[in-house]
Amino acid sequence: MKILVCIKQVPDMESKFKVNSENTWYDSGDLAWRMNEYDEYAVEQAVQLKEQQGDADLTVLCIGPDRVKETMKKALAMGCDRGAHLQDDESHKREPLEIASIIAEYARDKEFDVVFTGMQSQDRGSGQVGVLLGEILDMSCVTTVIEFGFEAGEIKVKRELEGGVKAKVKTTTPAVLTCQLGLNTPRYPTLPNIMKAKKKELLSSPAADLLKVDSRQNTQTMYFPEKKGVGLVLEGEIADLTDELIKILKEKTGVLA
Amino acid sequence: MKALLIAEYRDGKLLGGNNELMAFAEKIGAESTMFLVGNESALPAYSGKLYLADGNECGEYNPSVHKDLILKVVEKEQPELVVFSHSSYGWDLAPRVAYAMQAAQVSEVVDVVDSMPVVPVCNAKLRRNVKVTTAKAVYTLQAGAFSAAEEPTGTPEVEKLNKDSEGKIVFEGYEEAEKGGVDLSKSEVIVSAGRGVGKPENIEMVAALAEALKGDYGASRPVVDAEWVEHNRQVGTTGQTVSPKLYVACGVSGAIQHLAGMKKSEFVVAINTDKDAPIGEVADVLVVADLKQFVPALTEKVKSL
Ligand SMILES: Cc1cc2nc3c(=O)[nH]c(=O)nc-3n(C[C@H](O)[C@H](O)[C@H](O)COP(=O)(O)OP(=O)(O)OC[C@H]3O[C@@H](n4cnc5c(N)ncnc54)[C@H](O)[C@@H]3O)c2cc1C
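So the protein sequences, as listed, match chains V and D. Each residue of the first sequence is one higher than the last, beginning at 1 in our numbering. Each residue of the second sequence is one higher than the last, beginning at 1001 in our numbering.
Do not rely on the hints blindly, as some may be mistaken.
Stated by the list, open to error - Covered stretches of chain D, going by a simulated chain V footprint (3 or more residues, C-beta under 8 Å):
no., stretch
1, 1114-1128
2, 1175-1182
3, 1210-1221
4, 1293-1301
Stated by the list, open to error - The calculated lysine to aspartate or glutamate pairs, modelled on EDC-like cross-linking and capped at a C-alpha distance of 16 Å, are:
no., chain 1, residue 1, chain 2, residue 2
5, D, Lys1301, V, Asp240
6, V, Lys2, V, Asp113
7, D, Lys1179, V, Glu162
8, V, Lys247, D, Glu1300
9, V, Lys170, D, Asp1284
10, V, Lys69, V, Glu201
11, V, Lys252, D, Glu1151
12, D, Lys1214, D, Glu1204
13, V, Lys168, D, Glu1172
14, V, Lys168, D, Glu1300
15, D, Lys1013, V, Glu201
16, V, Lys227, D, Asp1276
17, D, Lys1275, V, Asp113
18, V, Lys250, D, Asp1284
19, D, Lys1275, D, Asp1290
20, D, Lys1163, D, Glu1057
Hints listed in this document are in silico derivations from the structure and should not be mistaken for laboratory results. Virtual Cβ for every residue (Gly too), placed ideally from N, Cα, C.
Extracted from the complex, chain D is given alone in its bound form:
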């Protein structure tokens, strides 16, 4: 089995998912080559062949330019599998490459069982094994699902590629995340409000528990999107990555993008009315209760200690 691994580079830096692509290839016992639009001065640690297109020449991500470059490598290497990270780069580019290759595309692979990719369904409450019926396939891998025991080493053997197409989409620059306000990455205790809080007035009770525990309050994305809480308190892939001693998730279901931001917490308590909520997978204690009753009651008791 031959796999082509699509590494990622943005704004002058290699991105983190590349090691997971290598771990995946190793796990399935595939022979791999790698593709990168990047820079020779920042090559991934990899002992294999790397097809490199120059990031300065190609510019920042442009779907059709990157697709055409990958297709050139596919033509040459004839891989059975093309593997991306399930990231804003991977989920944008993988279907385009798959369509051109007339290959099946399987999104957000978390495991491989009996040569079949396994993917989550319904916020990870269910899983399914996927039967691919084409000779070639394109996968995107869920972040964190395949990790290497050790940091990869080695220097790739580089073969350069030149771009020979222009895209219809024009990149006009990056906008950095807003800075300032509370820095949750330093908090020792975080109490987070999820959509289960129901209404903006209830943020108050979550904040009160955080205060009683001498910590800060955070939130899941829907609570931030609804503007009940400011963005710098959002925990997750598109917010903060936190590692407190205690993380209390109130009415948070535990979507993968939220878990990615808080799974390094030392101790996790979840308060949820749904006993099957996926947050239970990472919680040390799952309290099955209505947070509107439980949170104020807990705050009172903590205060009286």
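Pulled out of the complex, with its shape left as it was, chain V reads as follows:
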């Protein structure tokens, strides 16, 4: 079995963001980078499937500048066999169709049986790449997967719907699955596995060679939303803060009455 997992490197969401000089994206300086949270579940599920199959081969793919290789090393340390880094300094500008098309061209002749992606990225949040990849390669795609099973060539999953309801669906390989938070418990790479990962194949090639579509949208401007919050912001010493808050709760709510 051949498995592909597609990951993205994103900034820590608690970062102090700045808009870049062109006003089209956030500035990439001074940010801490990590694996997109949804993709951690995708990597874990891919590794679990590989372990279940025994003789599977698992590739992790990431599009982006050289720094994304750090995040790919984590995926290798979690258990992926090889890394395909599609080098692209402009990846932040690419819309989901371009990203999906690059992945599709990479995957086209490689006969992957199962492809995992996160259901969305934490920064752009479009949630389209996995679905578009499925459409381009004519593979079935199930999104928002919260439970995954594979048996006798059949993929049985649960999709998460609103209000905690789940839909049980099945399909056959080849298929793309987009992974939702809570699908599994992503493992922490152990030190021996981090050391082993250093020796694994991690090849870089230009993403531009695989880009076969024109973009259909771009970012006109990026900006901070106007603060609508009329709320009070309290800062200072803990002891003062607790007193202030208690005073407010007494005045504004009935709960301490």
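Please arrange chain D with the ligand on chain V, whose structure you already have, making use of the hints.
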């Protein structure tokens, strides 16, 4: 401008986002038609043309069956815009329809400025205006971003559609959310633990504050996913919708899916080390502090009142 609105129906019921699609069409001044895989006995209140495929014949959601039906309507109506809710139905189906139409797809639209859709970035800390370069586009709308001043009225003029394709994905049934345990929808005070609590032992301090305030404790999704707290205490779109007198969010960033579950609270206090956390948008009071120090200190003072 012509817009095709994709209404939603599941397990015998119309879903709530449909009114927001109409409010959106009205806001941008579009002429609209609607599409629904549903049932004639449960039609949306809508005064316009509705293309209806029978839910019994089509079965529950199947991506390629629904896509093919929508494409038939697109062919006939030639809309410039196809509009979905940003829901488990919309985000699954919209990219498929857009790909077939060779149209741009813009996800989770929260506003329209100068004819450009506006979407959130980085957990709503930033926004961007999107320039679509194709003649046609497909949007999904963030839940709650476009709401109608009044409930829509009217009876649609129905034109029936028949399905003529089968999907590769087989639907095998629904699994309902687990029931039982605490019912947060009735709580008057809720203190919620977010990922900012850091480790499972710290749930204790959040629960202690809830007890001191004579309320219940809740949690955000990562805390539930990590199994530090049981699922029936999760607040948000995939958990409980709550409306207490007081909601205290401890180490919760305020993602849209969390806000959707608690924004009807009467008074919101957020405790967060990040002054820019989006929870600040809905908080009446944002306390910028480390919850590990602040929460126990507050509990002590409340107890001594
Ligand atoms: C389809 C879908 C459905 C979803 N449904 C839900 C849902 O029902 N409910 C839900 O909650 N989420 C849901 N989510 C997930 C949601 O998008 C967010 O990922 C989640 O709400 C984040 O939880 P959090 O705020 O606890 O964690 P984070 O976003 O990681 O935020 C942690 C916060 O804690 C603060 N913090 C850190 N340390 C401290 C400290 N010592 N003291 C004080 N503050 C601190 C940080 O500044 C940060 O703001 C859903 C997502 C999707 C895609």
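Report the numbers of all earlier hints that the structure fails to satisfy, in ascending order.
-> Hints 9, 11, 14, 15 and 17 contradicted; others consistent.
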